[in-house]
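Asker: One-letter residues, chain by chain:
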Amino acid sequence: MKALFIISGLGILAMLAEIFKFKRALYPLVLIGILAALVANFTEFNNNESIQAFNNMIRFDNVALAFSSVILITAFLWFILANDYFTNETSLTDHFSLVLFALTGALMLTAFSNMTTLFLGIEILSIPLYVLAASKKNDVKSNEAGFKYLIMGSFASAFLLFGIALIYGATGTFDLLAIRAKISEGMPLFFYAGIIMMLIAMCFKVSAAPFHFWAPDVYHGSPTVIMALMSTVVKTAAFVAFMRLFLVGFGSATSVWAMAMAGIIALSLIISNMTAAAQSSVKRMLAYSSISHAAFMLMGILAVNPIYSMRAILYYALAYSVATIGGFTVLYRVEKQSGNTYDDFNGLAKRNPFAALGMLICMLSLAGIPVTAGFFAKYFIFTALIGSTYKWLLVLAVIMSCVGVYYYIKVIIAMYFKKPTHQEPLLIEKSHTLLLAIAVVLVLVLGLLPNFVLSV
Amino acid sequence: MGYSITQWLFGILSFLAIMFALMVVFTRNPINSVLYLVMTFFCIAGHYLLLNAQFLAVVHIVVYAGAIMVLFLFVIMLMNLNQDTEPQKTLMTKLIAGLIGGVFLAVLVGTLKGAEQLSFSQTGASQIGMVKNLGIVLFKDFLFPFEIASVLLLGALVGAIMLGKKEIK
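The listed protein sequences derive, respectively, from chains A and B. Heads up: the first sequence is residues 1 to 456, going by my numbering. Heads up: the second sequence is residues 457 to 625, going by my numbering.
This is chain A alone, in the form it adopts within the complex (with noise of 0.2 Å):
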């Protein structure tokens, strides 16, 4: 709870910073302001206190606050990554302002109870961020992915809003403890039909096929840091808000929207990975792999385990956004240089050995390669959905693995074995070799230790 407030003024002290001239402290007055909001939720933890504030229109219960701990972890990261991002004189606060905001609407997705909250939590969320897609002016195709991502949000957004109607007309309540109530007591089918109407707006907002078609292009034209905020802070939120509706509040329906979860995920992967390893750019093969990424965070929903499949999802998404924050932080280098073609990566480990190895970690962790993270949170996700009735998709999600393993390997070769197309060392600045070391350490750590994060 203190940690949404923390954010959000920090989000109004970055647009005070224009009027009151200390645009340059903003920086470090952001960075310090996310570890106090890290620390505000350690604090809360398994303090029943703050649990029922506002009427239950907000519940910050544990689940809520580890997952907007990794929020604000990646945020943290993210920050670090993104800090000449925010060296623009004309729009430097305003970048603060919104990405802050877009973190708020975050914090309430982890631990909103009540379709108000949900919804308001999906479009501050969004907003800002249809217009950082939009941030780079100048040029066309970042227009066209502000663009087409407002376009798109607006369209699940009222398919959202659309379900929620359904939903309040059947059982009058918005409440989700209340609706899980309810549902026992027989709904009728127009109830359903409001469920299989969220389930297609958050499909459409983490992305998942057959709803993803706005992705990759949104992804590609925004800039890179953007890209790297969208698939890591935002997606995550995403990912609670998609749990905490359908484990919490339809966890008893089942049987209406499990069939078309399970079809979507299988699509997902399948179109995903397909279309991955065809690409030429690394930046679009990440687009393509963060689809696969949501499909494999969304069997762990299909599970409806009490117990793992809230953990199983907190460690994925923990794991997937710290390796993927990893591998931004080069990108982004070898992007500043000279582009994000695998061409663009060729002889990497003679040019910088630390970038390198940084990336091949990230890489390997991404692909679910035993001994990282990456390949505890597959497990993870596995064990969960093992006692399900889904078993077919376990051995297509592992099939897909391997077609994935395919195009991060691709990487890895064209980075040492293949002759360098610029012959130039490449340049990292010593905050992003902080980051990267960091990044790499984490994944480690959570792969050796998996439990740490478990015993939340």
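Errors might be hidden in some of the hints.
[Claimed, not checked] Pairwise CB distance ranges (calculated):
(1) B:Val531 x A:Lys141: 53 to 63 Å
(2) A:Thr421 x B:Asn488: 56 to 66 Å
(3) A:Ala178 x B:Ala571: 49 to 59 Å
(4) B:Val531 x A:Pro353: 52 to 62 Å
[To be verified] Pairs of lysine-lysine residues, derived as DSS-like cross-links and limited to a Cα-Cα distance of at most 27 Å, are as follows:
(5) A:Lys136 x B:Lys621
(6) A:Lys148 x B:Lys545
(7) A:Lys141 x B:Lys569
(8) A:Lys21 x A:Lys137
(9) A:Lys137 x B:Lys545
[What the hints assert, rightly or not] Interface residues of chain A toward chain B, partial, derived using beta-carbon atoms under 7 Å:
(10) Asn55
(11) Asn56
(12) Met57
(13) Ile58
(14) Thr90
(15) Phe101
(16) Pro128
(17) Gly186
(18) Met187
(19) Leu189
(20) Phe190
(21) Ala193
Think of the hints as simulated: they come from the structure by calculation, not from any bench. In this text, a Cβ means the ideal position worked out from N, Cα and C, and glycines have one as well.
Assemble chain B onto chain A, guided by the hints.
Answerer: This is chain B only, laid out in the frame that chain A set:
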């Protein structure tokens, strides 16, 4: 079975709302489309009145029909949109869109079956739309969403300014 005045009004308003909404989609000229949308909003405001929600009805007309639609008209006139520049859809696209829309409609209508047996016992529901009661609900039960909506508005505002302003040289 005789119908009361409210039921007659409900029927007429619903008919008009649906007709105007269809006209929004089917008219080729964007300006006519916007005007039909304004009419749709008026019909929906009428529905709010029938539900004894005067405040909502007034706000609906002032905000949607008044402010937002005027903005729409301005944009359409400034961008000089007319039907010549609108790209023609192929027959295939139309067919698929019609099919998907039709299936969607069938599902929705199908699920509404059985809804007529639902009954609600809402005590004091007839007074809920009055400004006073609305204010009490907004500032008591829905205080958090009400306050956090300000962050949403701020975000949209900052975003619009960021996209609109000139670069400092």
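Asker: So, for every hint listed, does it hold in this structure?
Answerer: Now the hints, each set against the structure:
no.: 1; hint: B:Val531 x A:Lys141: 53 to 63 Å; result: violated, 24 Å
no.: 2; hint: A:Thr421 x B:Asn488: 56 to 66 Å; result: holds, 57 Å
no.: 3; hint: A:Ala178 x B:Ala571: 49 to 59 Å; result: violated, 20 Å
no.: 4; hint: B:Val531 x A:Pro353: 52 to 62 Å; result: holds, 54 Å
no.: 5; hint: A:Lys136 x B:Lys621; result: holds, 13 Å
no.: 6; hint: A:Lys148 x B:Lys545; result: holds, 19 Å
no.: 7; hint: A:Lys141 x B:Lys569; result: violated, 47 Å
no.: 8; hint: A:Lys21 x A:Lys137; result: holds, 24 Å
no.: 9; hint: A:Lys137 x B:Lys545; result: violated, 30 Å
no.: 10; hint: Asn55; result: holds, 5 Å
no.: 11; hint: Asn56; result: violated, 9 Å
no.: 12; hint: Met57; result: holds, 4 Å
no.: 13; hint: Ile58; result: holds, 6 Å
no.: 14; hint: Thr90; result: holds, 5 Å
no.: 15; hint: Phe101; result: holds, 4 Å
no.: 16; hint: Pro128; result: holds, 5 Å
no.: 17; hint: Gly186; result: violated, 11 Å
no.: 18; hint: Met187; result: violated, 10 Å
no.: 19; hint: Leu189; result: holds, 4 Å
no.: 20; hint: Phe190; result: holds, 4 Å
no.: 21; hint: Ala193; result: holds, 4 Å
Going through the hint list in order, the structure does not satisfy hints 1, 3, 7, 9, 11, 17 and 18.
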